[in-house]
Amino acid sequence: MKVSSISTSVLLIIFLFYILTWLNLGGVNVITLPWISLMTVALVIAMIFSLYGRYIIPIILRKLGIKIYIGDGWIDDKYFIVTNYDSETGIKYSGLSVIKLIPTTPSVDLREEDKKLLLRNIESLILALPSDVEYGIMKVMDPSIKKLLKKIETEIGKYYARKAGSKNPGVTSKYDRKIADLERERERILKSNPVSGIIYVKVFAKGRTAEEVKEKLKKLIEQVSSSAHTIQCTYKVLNSLDLYDFIEAQLVSRSVRYVTK
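The numbers in the sequence shown follow my numbering, run straight up by one, and end at 409.
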């Protein structure tokens with residue numbers, strides 16, 4: 149279950165208890181004040197976790213030294229380590245890390261030749277790395293584009309509501325023009341192939357100890373991230389719950405097409 153779902157469920161349960169306590173015990177009085185105060189604090193904490201749990205929980209897990217397991221492997225901050233013993237080489241561990249590259253120019257504003265150039269630059273970056281690497285194009289829409297489309301659709305809804313409440317033909321035609329402009333913009337965005345805006349790079353390493361694997365992955369991450377700006381991209385290294393979600397999605401979905409170096 150996702151962190152946000154768990155936090156929201158806890159939030160609803162606490163809120164329900166809060167209301168029931170209020171109704172059953174006659175509101176706030178000397179007897180119920182400590183209980184109501186405790187419930188209020190719990191409600192505030194649950195609200196914070198429902199909004200920021202995805203950022204808070206990884207910090208808590210790191211402080212407590214708790215690992216997130218997936219099958220025979222576990223996530224240690226930004227590294228996914230798997231026990232994979234090879235009797236011939238003596239190598240006991242392998243691991244991977246994932247770097248997300250985001251073009252500084254939104255994909256919706258990139259021309260087709262710019263998109264091809266971006267992919268060629270990424271391929272060149274990967275070929276320069278000294279280890280097994282894959283890059284993938286995520287078959288989902290760029291989050292920034294999703295937000296933009298949602299904003300446009302909200303605006304369209306507002307103008308439709310205003311148009312419905314207006315009896316002035318001049319004002320109505322003005323709203324029609326606004327709606328038509330926004331719908332054209334939405335079509336332009338949808339036809340611009342916005343899925344090309346998310347690129348993931350997976351780096352791999354093997355070693356005799358988990359620490360050796362992490363050190364090798366760290367160097368590969370540094371190489372990719374230090375070169376990101378040269379291909380007009382920002383970067384984000386997936387860690388903890390984000391890395392867990394990514395690996396879990398790979399196990400049940402083929403939403404990313406990978407090309408191995």
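Please note that the accuracy of each hint is not assured.
[Claimed, not checked] For each label pair, taking beta carbons as the anchor points, the in silico distance ranges come out as:
{"#": "1", "residue 1": "Tyr308", "residue 2": "Ser185", "range": "14 to 24 Å"}
{"#": "2", "residue 1": "Arg325", "residue 2": "Glu370", "range": "50 to 60 Å"}
{"#": "3", "residue 1": "Glu303", "residue 2": "Val192", "range": "27 to 37 Å"}
{"#": "4", "residue 1": "Arg336", "residue 2": "Ile193", "range": "38 to 48 Å"}
{"#": "5", "residue 1": "Gly305", "residue 2": "Tyr200", "range": "21 to 31 Å"}
{"#": "6", "residue 1": "Ser374", "residue 2": "Lys264", "range": "37 to 47 Å"}
{"#": "7", "residue 1": "Ser374", "residue 2": "Ile239", "range": "20 to 30 Å"}
{"#": "8", "residue 1": "Val192", "residue 2": "Ser374", "range": "37 to 47 Å"}
{"#": "9", "residue 1": "Ala328", "residue 2": "Asp220", "range": "53 to 63 Å"}
{"#": "10", "residue 1": "Ile193", "residue 2": "Gly305", "range": "32 to 42 Å"}
{"#": "11", "residue 1": "Asp262", "residue 2": "Ile239", "range": "18 to 28 Å"}
{"#": "12", "residue 1": "Glu359", "residue 2": "Arg336", "range": "29 to 39 Å"}
{"#": "13", "residue 1": "Tyr200", "residue 2": "Tyr233", "range": "34 to 44 Å"}
[As the list claims (entries may be wrong)] Taking lysine to any residue pairs in the SDA-like style, the calculated list, with each CA pair at most 20 Å apart, reads:
{"#": "14", "residue 1": "Lys367", "residue 2": "Phe352"}
{"#": "15", "residue 1": "Lys294", "residue 2": "Ile337"}
{"#": "16", "residue 1": "Lys306", "residue 2": "Asp329"}
For the record, the hints were derived by calculation from the structure and aren't laboratory data.
Note that beta-carbon positions come from the ideal geometry of N, C-alpha and C, so glycine has one too.
Each hint tested on the structure:
no.: 1; hint: Tyr308 to Ser185: 14 to 24 Å; verdict: 46 Å, violated
no.: 2; hint: Arg325 to Glu370: 50 to 60 Å; verdict: 52 Å, holds
no.: 3; hint: Glu303 to Val192: 27 to 37 Å; verdict: 34 Å, holds
no.: 4; hint: Arg336 to Ile193: 38 to 48 Å; verdict: 44 Å, holds
no.: 5; hint: Gly305 to Tyr200: 21 to 31 Å; verdict: 29 Å, holds
no.: 6; hint: Ser374 to Lys264: 37 to 47 Å; verdict: 24 Å, violated
no.: 7; hint: Ser374 to Ile239: 20 to 30 Å; verdict: 27 Å, holds
no.: 8; hint: Val192 to Ser374: 37 to 47 Å; verdict: 41 Å, holds
no.: 9; hint: Ala328 to Asp220: 53 to 63 Å; verdict: 57 Å, holds
no.: 10; hint: Ile193 to Gly305: 32 to 42 Å; verdict: 35 Å, holds
no.: 11; hint: Asp262 to Ile239: 18 to 28 Å; verdict: 42 Å, violated
no.: 12; hint: Glu359 to Arg336: 29 to 39 Å; verdict: 50 Å, violated
no.: 13; hint: Tyr200 to Tyr233: 34 to 44 Å; verdict: 40 Å, holds
no.: 14; hint: Lys367 to Phe352; verdict: 11 Å, holds
no.: 15; hint: Lys294 to Ile337; verdict: 10 Å, holds
no.: 16; hint: Lys306 to Asp329; verdict: 14 Å, holds
Against the hints set out earlier in the document, violations occur for numbers 1, 6, 11 and 12.
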